[in-house]
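Undergrad: 1 is the number of the first residue of the sequence shown in the working numbering; add one for each residue after it.
What the hints contain is simulated information worked out from the structure, not anything from laboratory work. Warning: the hint list may mix true and false statements.
Computed list of lysine to any residue pairs in SDA-like fashion (alpha-carbon distance at most 20 angstroms, straight line) [to be verified]:
#1 Lys2 / Leu52
#2 Lys3 / Val23
#3 Lys31 / Lys2
#4 Lys31 / Leu53
#5 Lys31 / Lys3
#6 Lys63 / Ser42
#7 Lys49 / Lys2
#8 Lys2 / Leu28
#9 Lys63 / Asp11
#10 Lys31 / Gly18
#11 Lys68 / Pro44
#12 Lys74 / Lys2
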Amino acid sequence: MKKRLPIGISDFETLITGGNVYVDKTPLIYKLVTEGMFYFLSRPRRFGKSLLLSTLRTLFEGKRELFKGLWIDKSDWEWNPHPVIQIDFN
């Protein structure tokens with residue numbers, strides 16, 4: 001099956017289950033979560049901020065099956081679900 005480009009998709013679960021291309025940034029996400037304290041995400045529009053936050057939400061919800069084949073699936077990440085609060089100011 002040919003993978004599609006995820007134009008306009010900013011939800012990680014939709015992107016993965018829809019057979020879209022995904023560039024694995026989970027090593028950077030792992031480093032961000034395990035080594036950082038506070039971050040201010042200042043990027044131009046359409047630069048992947050919403051997809052990054054959606055990926056973090058899915059990761060903290062413990063949905064390991066969505067990360068199958070990605071770097072973080074093979075790492076020492078503990079897949080215990082955590083409560084996630086998402087606030088959208090749009």
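Undergrad: Evaluate each hint against the coordinates.
TA: How the hints compare with the structure:
1. Lys2 / Leu52: Violated. Lys2 to Leu52 sits at ~24 angstroms, over the 20 angstroms cutoff.
2. Lys3 / Val23: holds, 12 angstroms
3. Lys31 / Lys2: Given that 20 angstroms is the threshold and the Cα spacing comes to 31 angstroms, the pair is violated.
4. Lys31 / Leu53: holds, 15 angstroms
5. Lys31 / Lys3: Violated. Lys31 to Lys3 sits at ~28 angstroms, over the 20 angstroms cutoff.
6. Lys63 / Ser42: Answer violated: Lys63 to Ser42 is near 27 angstroms, above 20 angstroms.
7. Lys49 / Lys2: Violated, at about 26 angstroms.
8. Lys2 / Leu28: With Cα atoms ~27 angstroms apart, Lys2 and Leu28 exceed 20 angstroms; violated.
9. Lys63 / Asp11: Roughly 14 angstroms separates the two Cα atoms, so the pair holds.
10. Lys31 / Gly18: violated, 27 angstroms
11. Lys68 / Pro44: violated, 30 angstroms
12. Lys74 / Lys2: Distance of about 25 angstroms is beyond 20 angstroms: violated.
Figure legend: structure checked against the earlier numbered hints; hints not met, in rising order: 1, 3, 5, 6, 7, 8, 10, 11 and 12.
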